[in-house]
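A.B. asks: Assemble chain W onto chain Z, guided by the hints.
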Amino acid sequence: MSGNGVRLLKNLKEIPREERFVSGHRLCAGCSIGPVMRMLTKVVGRDTIIVNATGCLEVSSTPYPYTSWMNPWVHIAFENTGAVASGVESAIKVLKRKGLLKKDVRVVAVGGDGGTVDIGLQSLSGMLERMHNVMYVLYDNEAYMNTGIQRSGATPLHARTTTTPAGSVWRGEWRPKKDVIGIVEAHRLPYIATASPAYPLDMVNKFIKGLEYSKEGPTFIHVLIPCTPGWGYDPSLSITLARLAVETGVWVLYEIDHGKFRVTLKLKKRKPVIEYLKHQSRFRHLTGDEIREIQQLVDSEVERINRMVGEEVIGPVVEG
Amino acid sequence: MVSKAASAGLKEKKLRPLSANTAIAHAVMDLDVDVIAAYPITPQTTVVEKLAEFIANGHLDAEMIHAESEHSAISATLGASLTGARAFTATASQGLALMHEILHIVSSLRAPVVMSVAMRALSAPISIWNDHSDLMNARDTGWIIFFVSTAQEAYDTIIQAYRVAEDERVLLPVMVAYDGFLMSHTMEPVVTEDREEVLGYAPKRAYPYKLDPSRPVTIGTLAGPEWYYEFKYQQVEAMEKAIDVIREADEEYARRFGRGYGVVECYMCDGSETLILATSSYASTLKTVIPKAHKSGYKVGLINLRLYRPFPSEYIESIVEDKDSVMVIDRAISFGAPYAGPIAAELASLLQSRGLDVNLISVVAGIGQRKMLEEDFMNLVKFAWENRRRRVPDTLFYGVRK
Numbered sequence: 019m020s021g022n023g024v025r026l027l028k029n030l031k032e033i034p035r036e037e038r039f040v041s042g043h044r045l046c047a048g049c050s051i052g053p054v055m056r057m058l059t060k061v062v063g064r065d066t067i068i069v070n071a072t073g074c075l076e077v078s079s080t081p082y083p084y085t086s087w088m089n090p091w092v093h094i095a096f097e098n099t100g101a102v103a104s105g106v107e108s109a110i111k112v113l114k115r116k117g118l119l120k121k122d123v124r125v126v127a128v129g130g131d132g133g134t135v136d137i138g139l140q141s142l143s144g145m146l147e148r149m150h151n152v153m154y155v156l157y158d159n160e161a162y163m164n165t166g167i168q169r170s171g172a173t174p175l176h177a178r179t180t181t182t183p184a185g186s187v188w189r190g191e192w193r194p195k196k197d198v199i200g201i202v203e204a205h206r207l208p209y210i211a212t213a214s215p216a217y218p219l220d221m222v223n224k225f226i227k228g229l230e231y232s233k234e235g236p237t238f239i240h241v242l243i244p245c246t247p248g249w250g251y252d253p254s255l256s257i258t259l260a261r262l263a264v265e266t267g268v269w270v271l272y273e274i275d276h277g278k279f280r281v282t283l284k285l286k287k288r289k290p291v292i293e294y295l296k297h298q299s300r301f302r303h304l305t306g307d308e309i310r311e312i313q314q315l316v317d318s319e320v321e322r323i324n325r326m327v328g329e330e331v332i333g334p335v336v337e338g
Numbered sequence: 035m036v037s038k039a040a041s042a043g044l045k046e047k048k049l050r051p052l053s054a055n056t057a058i059a060h061a062v063m064d065l066d067v068d069v070i071a072a073y074p075i076t077p078q079t080t081v082v083e084k085l086a087e088f089i090a091n092g093h094l095d096a097e098m099i100h101a102e103s104e105h106s107a108i109s110a111t112l113g114a115s116l117t118g119a120r121a122f123t124a125t126a127s128q129g130l131a132l133m134h135e136i137l138h139i140v141s142s143l144r145a146p147v148v149m150s151v152a153m154r155a156l157s158a159p160i161s162i163w164n165d166h167s168d169l170m171n172a173r174d175t176g177w178i179i180f181f182v183s184t185a186q187e188a189y190d191t192i193i194q195a196y197r198v199a200e201d202e203r204v205l206l207p208v209m210v211a212y213d214g215f216l217m218s219h220t221m222e223p224v225v226t227e228d229r230e231e232v233l234g235y236a237p238k239r240a241y242p243y244k245l246d247p248s249r250p251v252t253i254g255t256l257a258g259p260e261w262y263y264e265f266k267y268q269q270v271e272a273m274e275k276a277i278d279v280i281r282e283a284d285e286e287y288a289r290r291f292g293r294g295y296g297v298v299e300c301y302m303c304d305g306s307e308t309l310i311l312a313t314s315s316y317a318s319t320l321k322t323v324i325p326k327a328h329k330s331g332y333k334v335g336l337i338n339l340r341l342y343r344p345f346p347s348e349y350i351e352s353i354v355e356d357k358d359s360v361m362v363i364d365r366a367i368s369f370g371a372p373y374a375g376p377i378a379a380e381l382a383s384l385l386q387s388r389g390l391d392v393n394l395i396s397v398v399a400g401i402g403q404r405k406m407l408e409e410d411f412m413n414l415v416k417f418a419w420e421n422r423r424r425r426v427p428d429t430l431f432y433g434v435r436k
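So the protein sequences, as listed, match chains Z and W.
Every position in the first sequence, counted from 1, becomes a number in our numbering once 18 is added.
Every position in the second sequence, counted from 1, becomes a number in our numbering once 34 is added.
Isolated chain Z (complex conformation):
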């Protein structure tokens, strides 16, 4: 990963040992939000205020009178994380200017897919457009998991949820996943990236860059988070599934650094999507045609990325 003056980690041993997202939270066994927040808080350090949208992470990590957060942390509501972060950041700016705050305090906003791509999209856009110095981390488990697995705009094609069941008429979600990166990119941010908990070094370096670049303007990191009850798989497989999403090209790891697109994990060859789908009960109802349809969707996205980069950064599907 190119540094551009930002000090990046060379290996995982360099991640700070200090724990800032501590144990005792009530996330599901095997939930991958926990490890992602643990890594995030380690690298953003103590002088960072965290603004959290309503969702799995928020309810699981702060059951009064307990908290998992060693950082100053605030949750207001579901759809306004961008706005709250804007207020926090503006307060820091003016208090520093007036000499009432000495420290260099940073702001990180964290929201799930519902709180970001659906109900929170307007306030996110406001925060991005006004150029607040905030890093926004989207943890995307591809449905409203906290309320019981209802579809969101981030739910992928054919996935079964409680509001898009697989029945004799409906066959799960019939619309493809919303391209939130495309929407975010239209705001011309200094830094945008996708990440996966299966590639922690790639992920934490993106958090480091995102926080550093947030001095220029807002940055956005989109992390795919496998969800044990929502996706329906064995809790031991969270990281495996996160890795399979990348290995099949369903989830491409890239960054957009000042408009320059770069795939951060190139693949010589891809596994077929069935390798990723077959572990998840949300895709268990799929027919061969439906699986081929998902494969074609992934193929065309990979092709788009390769064309944009100008070389085959993500290789062809190779069976076995």
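If you're looking for bench data, these hints aren't it; they were derived computationally from the structure.
Predicted, not measured: the structure shown is a model, and the values here were computed from it.
Please note that a few of the clues may not be correct.
Here are the computed lysine-lysine pairs in the DSS-like style, where the Cα-Cα straight-line distance is at most 25 angstroms [stated by the list, open to error]: (1) W/K416 - Z/K111; (2) Z/K111 - Z/K121; (3) W/K436 - Z/K120.
Computed footprint of chain W on chain Z, listed as stretches where at least three residues anywhere in the stretch have a Cβ under 8 angstroms from a Cβ of chain W [to be verified]: (4) 102 to 111; (5) 136 to 147; (6) 182 to 195.
We treat Cβ as the ideally placed atom computed from N, Cα and C, and that holds for glycine.
C.D. replies: Quick look at chain W alone, frame taken from chain Z:
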């Protein structure tokens, strides 16, 4: 016109022609507010326009967040307040309704936010004109609520509001409400004070549990059935304590600046057998009508309700206990309720709870700014007088075409 002598005396005091909106902007400037987040809505807009002008010309050092909605405006204001900044927002009507969800959270998190509300009717049909539907909709959100009846009072009350909100005995947000157009866009002579003196009266006291890396706190947690109720009861207690702090703040303001208002104003109550309770500009208008009414033999006084939440029950009780009746003029409708006027219903509960045998008359008027002239107020005065000992079970919808 101000007389020559008076204008000489007021010269140092900076007498300016201001609307309630621009008076509020001056107060916000004089309070050295740090963060302003707002979204345009008629008739609030000139508050924020004036503040933008102050910032643009270096008269106020504040961050202005040009929010993309009122929901985001109040959310950003809250975020700034919780980070230790003095924060302000302003709205009206649909904007206040859009904020509704967050209004509850601001008060529950005990953030000392101050907001001005240029009261306006709610859609549909869309109406940009005045009534109190917006404020009544926000009545139970846990905010301290003031009605103000002049531009001067608007200026003074915004200053008092920060002192009260930031007081550690209170820690509640404050709404300062006034009539859209009738006050928001009407010029009055207003005295503004020096910033140092304003800040001497209302020194900045940041949120005591602010988001601070040297003392990390978790704000906005989940609370189960074993905890939630106590959080709510603490708000009940904070409201109860607030009334003394509000009175104290007003008395101190009067000592320093020579203007005080009390929690309710009683106008020509002594010697009156019956009273009219009114708010905001209607109270001001009634002050011109009532002396004339007395001359015609209608012994009707005025209760200008300034503090609405917490409700000044004891003060109202002591004012009304020896009167025949009280007529409440509401400018909002509680559809299908026993009394259609929300404040009338509250007076009914007050009279009942104190065991007072005072006749109550509920009037709704001025909905969507239906014209109310001096003669209309005189009609209401006569109605109050003639029915002072007669039971009037239903709300009178004054001025409507049926």
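A.B. asks: Between the stretch 136 to 147 of chain Z and chain W, see if three or more residues pass the 8 angstroms beta-carbon test, and mark the coverage as holds or violated.
C.D. replies: This one holds; 5 residues, not fewer than the three required, reach chain W with a Cβ under 8 angstroms.
A.B. asks: Between the stretch 182 to 195 of chain Z and chain W, are there enough contacts, at least three residues with CB-CB distance under 8 angstroms, for the coverage claim to hold?
C.D. replies: violated (count 0)
A.B. asks: Holds or violated: are the alpha carbons of W/K416 and Z/K111 at most 25 angstroms from each other?
C.D. replies: violated, 58 angstroms
A.B. asks: Apply the coverage criterion to the stretch 102 to 111 of chain Z and chain W: a residue qualifies when its Cβ sits closer than 8 angstroms to a Cβ of the chain, and three qualifying residues are needed.
C.D. replies: It holds, with 9 qualifying residues against the three required.
A.B. asks: Within a Cα-Cα threshold of 25 angstroms, do Z/K111 and Z/K121 meet the stated pairing?
C.D. replies: Holds, at about 11 angstroms.
A.B. asks: Is the Cα-Cα distance between W/K436 and Z/K120 25 angstroms or less?
C.D. replies: Distance of about 65 angstroms is beyond 25 angstroms: violated.
Hint check: violations occur at hints 1, 3, 6; the rest are consistent with the structure.
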